Structure formats: C-alpha cells, structure tokens
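For the record, the sequence lines run as chains A and B.
Reminder that position 290 of the first sequence reads as 290 in my numbering, one-by-one numbering, no gaps.
Reminder that position 249 of the second sequence reads as 249 in my numbering, one-by-one numbering, no gaps.
Calculated from the structure, these hints are not laboratory results.
Any given hint might turn out to be false.
As the list claims (entries may be wrong) - Dumping the calculated SDA-like pairs for lysine to any residue here, alpha-carbon to alpha-carbon at most 25 angstroms: (1) A:Lys145 x B:Gly320; (2) A:Lys145 x B:Gly291; (3) A:Lys168 x B:Lys55; (4) A:Lys168 x B:Gly321; (5) A:Lys42 x A:Asp87; (6) B:Lys214 x B:Leu163; (7) B:Lys145 x A:Leu259; (8) A:Lys107 x B:Asp114; (9) B:Lys303 x B:Pro344; (10) B:Lys55 x B:Ile19; (11) B:Lys243 x A:Ile253; (12) B:Lys145 x A:Glu110; (13) A:Lys113 x B:Lys118; (14) B:Lys182 x B:Pro150; (15) B:Lys105 x B:Pro20; (16) A:Lys10 x A:Ser21; (17) B:Lys243 x B:Pro226; (18) B:Lys142 x B:Glu106; (19) A:Lys256 x B:His147; (20) B:Lys118 x A:Glu242; (21) B:Lys118 x A:Lys168; (22) B:Lys118 x B:Lys105.
Every value quoted in this text rests on a predicted model; they were computed, and no experiment measured them.
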Amino acid sequence: MNIINQDLNKVLIQGLGRDGSFQAERCIEFGTNIVSAVHPTKAGEKFNQNIPIFGSVFEAIKKTSPEIGLIFVPAPFAADAIIEQIDANISIVVCVTEGIPVSDMVKINEYLKGKKTRLIGPNCPGYLIPEKKLKVGIIPGSIVKSGNVGVVSRSGTLTYEAIVQLTKLGIGQSACVGIGGDPINGTSFVDVLNMFEEDKNTEAIVMIGEIGGTKEQEAAERIKNYISKPVVASIVGQTAPEGRRMGHAGAVITGKSALASEKINALRDAGVLIADSPTEIGRKVQELLKIK
Amino acid sequence: MQLHEYQAKNILSEHDVPIPFGQVASSDLECKKISTSINGKVVIKAQVHAGGRGKAGGIKVADNPEEAKKAAQEMLGTSLKTFQSGGTEFPINKVYVEEASDISKELYLAVTMDFDEKCPVIILSTEGGMNIEEVAEKTPDKIMKIHVNPLIGPSPYKVRNLLSLLNLEQKISQQISSIIQKLYRIFDSLDCTLIEINPLAITNDEKVIALDAKITIDDDSIFRHPDIEDLFDETQMNQSELKALSNDLAYIKLHEGKVGCMVNGAGLAMATMDITMKAGTAPANFLDVGGSASEERIEEAYKIIASDNDVEIILVNLFGGILRCDVAAKGIINGFKNHNKPIPMVVVLRGTNSSEAKLLLENSELDISFVEDLPTAAIEIRNKLGK
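Extracted from the complex, chain A is given alone in its bound form:
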C-alpha cells in the first residue's frame, strides 16, 4: 500500500503512557484525525476530552473504524500490539517504540507475509504529510512546510535536520517518512522510493541512510532501474568503528557492504546527488531544483 497516495486518515493510538499521550496531543494539534485510543487500564475513559479509549484494538475497530494505527506501547509489549493491529486488519501500522527484540521482529516479519497491513518502523518517527495535515508519529509539526520534496530516513533526528533545512530555504515537503533505525523493519527505503515515484506531488527525493545492512545499496539499485525523480542522499557513520552498535540497533558495521563509503559509492553510481554531510542536504536540493 502506498501510504502517501491514499485518503486514509482515521488514526488509532495504542499506548497512552507519558510519551504516547504527549505525542498524541501533538498529532491532534497538527490536525490529525485521531478517532480512538487503546490502553489496557484506561478503557472507558476519554483522551483529550472527547476521544474514546478502549481496552482492545478490536473494540476500537467496532466502534470507530480506524484505518491507521500508531503504537507507543513499551518494548516488552510492542510486538504483541503490532500483531493485534495486524489481526484487526488495520491498513497502516506505525510503531514508534524503540528496543523491540530482534527475535520478535523476525516473527512479525514472517507473520506479515500475505497480510494487507503495511508496517512502518519500529523505532521510527513515523510519517507526516503536510498538505493533508496528517501526522502519524513524532516528527515535529512546527518544522514542516507543504511542498514537493519527499524525505525518507532511517534516523529520526536526521529526518528533522533535513526538514528544517528545506523549510528554511522555502522548500516544502510532499511527505516525510522515517523508516526506523532497527535492522528489521516493515517498510524499506525501496518501498518509500516507490511511493514517492508514484506520488504526483513529489518532484524530488531526499534520502538519509546510515551504516549497517545493505538497504541503501538496494535503494541505489532501485533508483538506477526505476526511479525517474532526482534523489539527494547523505549517509552517516563514516567515522564509526567496526562491530559497535551506534545507538540504532541497525547501525553496526558487520562487513564491507555495511560501510558508509560502500553505500555512498552505490548511490553515486545510481546517479544520486550526494551531500557529504546531512547539513548540506538543503543546499543540494536547492541546487537541484534550480537546474530543473
């Protein structure tokens, strides 16, 4: 499912702890249509005055028919929340939670096969479409601006970094998608690149990758063969040591292909404009749009 090119907007929040509640309020402020929430101990209460809270996702579905699920449930219980939302046939599930065991994620990945749910994350800031006033996750609403550049990143803070620079230069965003810093996630760079390619509002794409895995190389391959829109990319972790986990569970150099330099080379070969540092992304996009 293309999360950018559709009209789903009814959002369910699962997990109303301190962070979940705070972030849910920010989503509402941005204009997101939150129709219900799920929290095991707060069933029957209201969130933010009028949003009903249910004890399970199935009850919430019956009464409020949400289409998008946003999960803030703590790591020990997050995998179960994802499965609950898959079983409830929710179309798009965004899991913000960090620290879900890998063993849980490989099982979820297998379980997802053949199901209609698209999972984004975990360990991600979610996605935001400025024009639709839709914010599903934790990307700060104050920094975005509606426009034609699609942003996709493995890192939350670097997603914000790119958005801030673009907005400062007057360049708006069609959609911003954080796919998450875990080694196993539901949506990859390739998936989001395909979505941007299909999206009429997207004219150029910003992609921020990092060390670890081979997802950036897969993206480079896809860009080379399929993506017609121009791409600006930056890869962080050039100074990271081998074998150490750089904060994100997926950011570990385990072999040659996990190196930043390998990823940069692959992307450059695919015709991508490389920003040496994420701090240069705004300027690179500006150059690119001028040439166009």
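Got chain A sorted already, so can you dock chain B onto it with the hints?
Relative to chain A, chain B alone:
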C-alpha cells in the same frame, strides 16, 4: 550481551549439546586442581570477550597439573589484546580448563540473524577453526546456509539435505543434525543474536563435540532473561562505557580521535562525529544523550567525555525537543564545575529554549564558541585546535 566461553558451554551442556569436560578457574591453584581431576592433557583458555585468543597467547596446552598451574599463572591478572579486539585490552580474570580432545575433523556451525533475509540462518562450513569472515570472502562455496522460518523452526528435512552435501558418515550426520536442533532451541528461547561453535569437532572416536562456544544475547531482550543478566561480566567493558550504561547513555569510546562529542539522537550523533573529519581530526567518542535527558544525565555525560584523556575539545550538538536546551546547559555547567578540567567547547544549540541555554553558558566560566551549524563547527574546531 556477550557471554564467556565457560558460560556459553554451561548453557550448551544444560541443553545436552556435547562438550569436552571442563571447569572454570579463578586462580592457578584452582586450575591445578581441575587439571589433576582431569588426569591428562588439558587446554587452558583465557575467558575474555574477544575472538582470536589462540594467536594472541590466550590458549595454552598443558601435559600435567604443574604445567597447567604455570599456564594459569601466566595468564591470570594480565590482559589480552587480539586481532579481533579493536585495540581494546581485555582483563583475564578467569581461565577455562578443559580436557584435550583428539580431533579428526573440524567444522564450523553457527546460528545467527540474517538481516537481509529478515530471518534466522544456520551456517555450516567444512572450514572449522578458521576465521569465518575470511572463509566467506575467499571460498564462499564452502559456506552453506539454511534460512529458518522463525514461526516453524529449522525443518529437519532441510538440515538432512544440507548435511548430505558433506558426505559424512551417517552416524556423524545424525549427531550434527541433533546439535543443530538443540542450538536453534537455545537461540530461540534465549533471544540470541549469535551462537557460534567454531570449531565443531569430530573426534577420533566419531563423537561430535563443541570445542569452543560463543553466545551473544540481544540486549533488547534481556528483560525476558533476568538469569542471563546475572552473567554479565562488567570487567570486560570499557569502564567509561559501563558508567554511561548505568546512566542510560549510549556511549562508545573511539581510539583515534580527540574531539569529544555530545549529541541527542543516534543519527545526529553520527553526523556530528563525521563532521570532525572536515576539521582534519576524528571523534573521540559516540554519545547519544537521548531525546529526554535530565540535567543530571547531561552532567554525567559531560563528566564521561571530559575524563577521557584523549579529548582536547568538546563538540556539543543539541536539537531541543522534549529535551530543553537550557536543561542541557545547566547539566554541562554542573559537570564542568564538578570536574573542573578546562576543555574548550564548540556548541551548536537549536530548538526549545536555545537562547536561554546560550545565556547560561555565556555567563559560565567555560571556554565556549557558539556556532550556527555543523559545517561552521568544523571550521571553529580547526581554529581552536590550531592554536
């Protein structure tokens, strides 16, 4: 979280995976006693969290208890640096004393996560005892894999098919088959990211045994395994990293740089480290204080960075969100006051309460340059280090 060989072998043994008889010793006398009870040739192995022990002198063979005692004496209390330890020296506080085995063939067996295929994978190779990365690079055809559906587990028919390629005697194949199933059960039940048996040995009397064992447990799953958490050996960790860990800070000491880095967010932290290259130098550490760090946590973070003797300058890059910049500034100032070692700083502050933070830092006794962004920070670092 990595386990020692002796801890890993305890787990293997509990799950009926055959291992040679052995026991762990913390003193030379203990080593001698174990060796006496074995009554034959023994192998004494340093218990450290690094591979490549053999080449570094961390594995010794002894013919009698006196020799065993001497070997333990030489190892215990020293530290080991191997080609795989990335410059770190690991203290040897324990040795594992094991009966020597007569080996006819060495294999390699591992269960790990394949992040490209997004599932567990069983890896088997005829090149046991070698560095497997090297084997994979030079002779990839000698590495065989079974990808495992995590909802089903390793299907016995797949294991049989794989083993049939090795042309082993049926008696041996059956033992390996059984070991593979047992290892996978451990891998799954303990949420491991790696179980590596290298070598998996076939003895002269046709027994298959795990000569070495490496088990790594997923840090994110430790909450499910309190008993495993107790096996954590603090002495094998860099002490600053240990201190950071107890303060919920993601900190990694690097060995070549002199720019201490303090950042919120892992991605931004990597970008900040990378920018030091533009200043013609290198980062001394990775540090992510997290999105909602308290004043106290920032203070700890400052102290950890400042107590690193390699650090000549500190680069702070904070993007205020839930974490307010003024809270971070107070933490830095407290850290400086308690530490009192004057280290120049270059600071990038953006977001929530960044102007309040700037005022606080300007009024402190710290030597600080405020800059707009990372590229400017690189120039400023170059200037400051040049002086």
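Going down the list of hints, with the structure as the test:
A C-alpha spacing of about 19 angstroms is found between Lys145 (chain A) and Gly320 (chain B), which places the hinted pair at or below 25 angstroms, so the restraint holds. At roughly 23 angstroms between alpha-carbon atoms, Lys145 (chain A) and Gly291 (chain B) fall within 25 angstroms of each other, so this suggested pair holds. Annotation: proposed proximity of Lys168 (chain A) to Lys55 (chain B) is violated, straight-line Cα distance about 56 angstroms (limit 25 angstroms). The straight-line distance between the Cα atoms of Lys168 (chain A) and Gly321 (chain B) is roughly 18 angstroms, inside the 25 angstroms bound, and the hint therefore holds.
Proximity of Lys42 (chain A) to Asp87 (chain A) is assessed by CA-CA distance (about 22 angstroms); at most 25 angstroms being required, the pair is judged to hold. Straight-line distance between C-alpha atoms of Lys214 (chain B) and Leu163 (chain B) comes to about 22 angstroms, which keeps the hinted pair within the 25 angstroms bound. Between Lys145 (chain B) and Leu259 (chain A), the direct Cα distance comes to roughly 24 angstroms. Compliance with the 25 angstroms bound is thereby established for this hinted pair. A C-alpha spacing of about 13 angstroms is found between Lys107 (chain A) and Asp114 (chain B), which places the hinted pair at or below 25 angstroms, so the restraint holds.
For the proposed pair Lys303 (chain B) and Pro344 (chain B), the alpha carbon gap of about 14 angstroms is at most 25 angstroms, so the pair holds. A C-alpha spacing of about 22 angstroms is found between Lys55 (chain B) and Ile19 (chain B), which places the hinted pair at or below 25 angstroms, so the restraint holds. Only pairs whose Cα atoms come within 25 angstroms are accepted, and Lys243 (chain B) paired with Ile253 (chain A) is accepted, the gap being roughly 24 angstroms. For the suggested pair Lys145 (chain B) and Glu110 (chain A), the alpha carbons sit about 19 angstroms apart, so the restraint of at most 25 angstroms is met.
Taking the CA atoms of Lys113 (chain A) and Lys118 (chain B), the gap is near 12 angstroms; set against the 25 angstroms cutoff, the hint holds. For the hint linking Lys182 (chain B) to Pro150 (chain B), the alpha-carbon distance of about 15 angstroms falls within 25 angstroms, and the restraint holds. Taking the CA atoms of Lys105 (chain B) and Pro20 (chain B), the gap is about 15 angstroms. The hint holds against a cut of 25 angstroms. The suggested pairing of Lys10 (chain A) with Ser21 (chain A) holds, with an alpha-carbon distance near 17 angstroms, which does not exceed 25 angstroms.
Distance restraint check for Lys243 (chain B) and Pro226 (chain B): the Cα-Cα separation of roughly 20 angstroms lies within the 25 angstroms cut-off, and the hinted pair is therefore satisfied. Annotation: proposed proximity of Lys142 (chain B) to Glu106 (chain B) holds, straight-line Cα distance about 13 angstroms (limit 25 angstroms). In summary, the hint linking Lys256 (chain A) to His147 (chain B) is supported, as the alpha carbons are separated by about 22 angstroms, within the 25 angstroms threshold. Proximity of Lys118 (chain B) to Glu242 (chain A) is assessed by CA-CA distance (about 21 angstroms); at most 25 angstroms being required, the pair is judged to hold.
A distance of roughly 38 angstroms separates the Cα atoms of Lys118 (chain B) and Lys168 (chain A); the hinted pair therefore is violated under the 25 angstroms criterion. Our distance criterion of 25 angstroms between C-alpha atoms is broken by Lys118 (chain B) and Lys105 (chain B), whose separation comes to about 32 angstroms.
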